[in-house]
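Asks: Please construct the entire structure, taking both the sequences and the accompanying hints into account.
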Amino acid sequence: MSKQSAYLQLKRIAIFTTVVECGSFVAAAKRLQLSRTKVSENISTLESALGVRLFQRTTRKLTITPEGERFYQQTERMLPDASAALESVKEAGGALEGPLRISLNGHVAQWLLVPFLKQFMELHPKVEPSLQLHDLPVDLIESQIDIAIRIGIPKASSMVGQQLTSIPLGLMASKDYVERFGMPLTLDDLQHHRGVMVEQMLLWGPLLLENEQGQSEELKLPASFKTNSPSAVTMMVEQGLGIGFLPTYAIEERQRLVPILPQWRFSQMTLSVLYPSRHSVPARTRAFIEQFKQWISDNPIKPY
1 MSKQSAYLQL KRIAIFTTVV ECGSFVAAAK RLQLSRTKVS ENISTLESAL
51 GVRLFQRTTR KLTITPEGER FYQQTERMLP DASAALESVK EAGGALEGPL
101 RISLNGHVAQ WLLVPFLKQF MELHPKVEPS LQLHDLPVDL IESQIDIAIR
151 IGIPKASSMV GQQLTSIPLG LMASKDYVER FGMPLTLDDL QHHRGVMVEQ
201 MLLWGPLLLE NEQGQSEELK LPASFKTNSP SAVTMMVEQG LGIGFLPTYA
251 IEERQRLVPI LPQWRFSQMT LSVLYPSRHS VPARTRAFIE QFKQWISDNP
301 IKPY
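So in UniProt numbering, spot 70 of the sequence shown is number 70, and the numbers just go up one at a time.
I should point out that these hints are in silico values taken from the structure, not numbers from a laboratory.
Heads up, the beta-carbon is just placed ideally off N, CA and C, and yes, glycines get one too.
Be aware that one or more of the hints could be misleading.
Straight line, CA to CA, 30 angstroms or less: simulated DSSO-like cross-link-like pairs of lysine-lysine [said to hold, decoys possible]:
id: 1; residue 1: K30; residue 2: K175
id: 2; residue 1: K175; residue 2: K61
id: 3; residue 1: K11; residue 2: K126
id: 4; residue 1: K61; residue 2: K30
id: 5; residue 1: K38; residue 2: K11
id: 6; residue 1: K61; residue 2: K38
id: 7; residue 1: K38; residue 2: K126
id: 8; residue 1: K175; residue 2: K220
id: 9; residue 1: K11; residue 2: K61
id: 10; residue 1: K30; residue 2: K11
id: 11; residue 1: K175; residue 2: K226
id: 12; residue 1: K118; residue 2: K293
Pair by pair, the computed Cβ-Cβ distance ranges are [unchecked claim]:
id: 13; residue 1: P66; residue 2: M269; range: 49 to 55 angstroms
id: 14; residue 1: E199; residue 2: Q255; range: 24 to 30 angstroms
id: 15; residue 1: L133; residue 2: L202; range: 22 to 28 angstroms
id: 16; residue 1: L50; residue 2: Q119; range: 42 to 48 angstroms
id: 17; residue 1: P125; residue 2: K220; range: 50 to 56 angstroms
id: 18; residue 1: L50; residue 2: D298; range: 48 to 54 angstroms
id: 19; residue 1: R31; residue 2: Q239; range: 37 to 43 angstroms
id: 20; residue 1: P125; residue 2: T270; range: 18 to 24 angstroms
id: 21; residue 1: P66; residue 2: P137; range: 35 to 41 angstroms
id: 22; residue 1: K220; residue 2: V26; range: 54 to 60 angstroms
id: 23; residue 1: K126; residue 2: T165; range: 24 to 30 angstroms
Replies: So, in structure tokens, the structure goes:
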């Protein structure tokens, strides 16, 4: 069997497993972003190649046959390994290509990923990145996401996570805010200022700041403005609405921001890359992850 034929057959098997999992051609077509006709044609071609009927079709119902059930049990186990093997052959034999859907928040996109993308696309011009900006976690499988870049380490067993780097956070405000309300000189001064907070952080309990001597103090900054979006925190702080926690690299990128009590810092946050563990990992996805990790290593995030 030629490499092209193997890819086509593997594609049909993947469509078959999706139909089984979704329960209908229509639902599978929606997940795969194909037409219902295309899904049906691929199933028919696969049935002809196997010489068995995989589904019983009626106008109202789609039922898997005993032969289809046995085939599904086999393909569910072998599909990830077969996909990975073919991707390895493709990677060795030519340029990486194809779509790559990446979920991340606006912070990471603006300050880390977009600068890296220029380098990545110069090396792999046939890869087609699609950036999906989400401040809150999304279902990677349901949303057909190849890679998610998130703050923290995932707890879900359906995901594989790799730590990329640690991001130091510090208190920041706009120059305009400091001119209007003054520069806090002590932690106690923060009680008289306005805070811009991500709601999730408020659920963690007391927020502790630490200095270079290892001393810890509780943050006493009123949460005058709350949001579930880290990107919104950046915009609100930039517009002078209050003081907020931001990654320290924001100082370099945003000339209107100044550090507040830089001797006190919040504990560092972990930046991780996630991908669905039950799916095979295409060569373009593996290449993106490894090269992004290397880029971050070559361009470390500096404390202010």
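Asks: Run every hint past the structure and note whether it holds.
Replies: A quick look at each hint next to the structure:
Restraint check: the Cα-Cα separation between K30 and K175 comes to about 49 angstroms, which exceeds 30 angstroms; the hinted pair is violated. Distance restraint check for K175 and K61: the Cα-Cα separation of roughly 65 angstroms exceeds the 30 angstroms cut-off, and the hinted pair is therefore not satisfied. Note on K11 and K126: the hinted pairing holds, with a Cα-Cα distance of about 20 angstroms set against a maximum of 30 angstroms. Of the supplied pair hints, the one linking K61 and K30 holds, its CA atoms being roughly 17 angstroms apart against a limit of 30 angstroms.
Restraint check for K38 and K11: the C-alpha separation of about 12 angstroms stays at or below 30 angstroms, so the hint holds. Only pairs whose Cα atoms come within 30 angstroms are accepted, and K61 paired with K38 is accepted, the gap being roughly 18 angstroms. With a C-alpha separation of about 25 angstroms, the suggested pair K38 and K126 falls inside the 30 angstroms cut-off, and the hint holds. Taking the CA atoms of K175 and K220, the gap is near 21 angstroms; set against the 30 angstroms cutoff, the hint holds.
Restraint check for K11 and K61: satisfied, since their Cα atoms lie roughly 24 angstroms apart, inside the 30 angstroms limit. The hinted pair formed by K30 and K11 meets the criterion: a straight-line CA distance of about 16 angstroms does not exceed 30 angstroms. A hinted pair counts as satisfied when its Cα atoms are at most 30 angstroms apart, and K175 with K226 qualifies at roughly 21 angstroms. Proximity of K118 to K293 is assessed by CA-CA distance (about 15 angstroms); at most 30 angstroms being required, the pair is judged to hold.
The hinted range of 49 to 55 angstroms is satisfied by P66 and M269, whose Cβ atoms lie roughly 51 angstroms apart. Checked against the hint of 24 to 30 angstroms, the C-beta distance between E199 and Q255 comes to roughly 28 angstroms, which is consistent with it. Here the CB-CB span from L133 to L202 is close to 23 angstroms, well matched to the stated 22 to 28 angstroms. For L50 and Q119, the Cβ-Cβ distance of about 45 angstroms falls inside the hinted range of 42 to 48 angstroms, so the restraint holds.
In this structure the supplied range 50 to 56 angstroms holds for P125 paired with K220, their Cβ-Cβ distance being about 52 angstroms. One distance hint, 48 to 54 angstroms for the beta-carbon pair L50 and D298, holds here, with the actual separation near 49 angstroms. About 40 angstroms separates the C-beta atoms of R31 and Q239, a value consistent with the hinted range of 37 to 43 angstroms. A hinted range of 18 to 24 angstroms for the beta carbons of P125 and T270 is inconsistent with their spacing of about 32 angstroms.
Between P66 and P137 the CB atoms are about 39 angstroms apart, so this pair conforms to the stated range of 35 to 41 angstroms. The given range of 54 to 60 angstroms is respected by K220 and V26, whose C-beta atoms sit roughly 56 angstroms from each other. Checked against the hint of 24 to 30 angstroms, the C-beta distance between K126 and T165 comes to roughly 28 angstroms, which is consistent with it.
Hints 1, 2, 20 from the list above are not met by this structure, while the remaining hints are.
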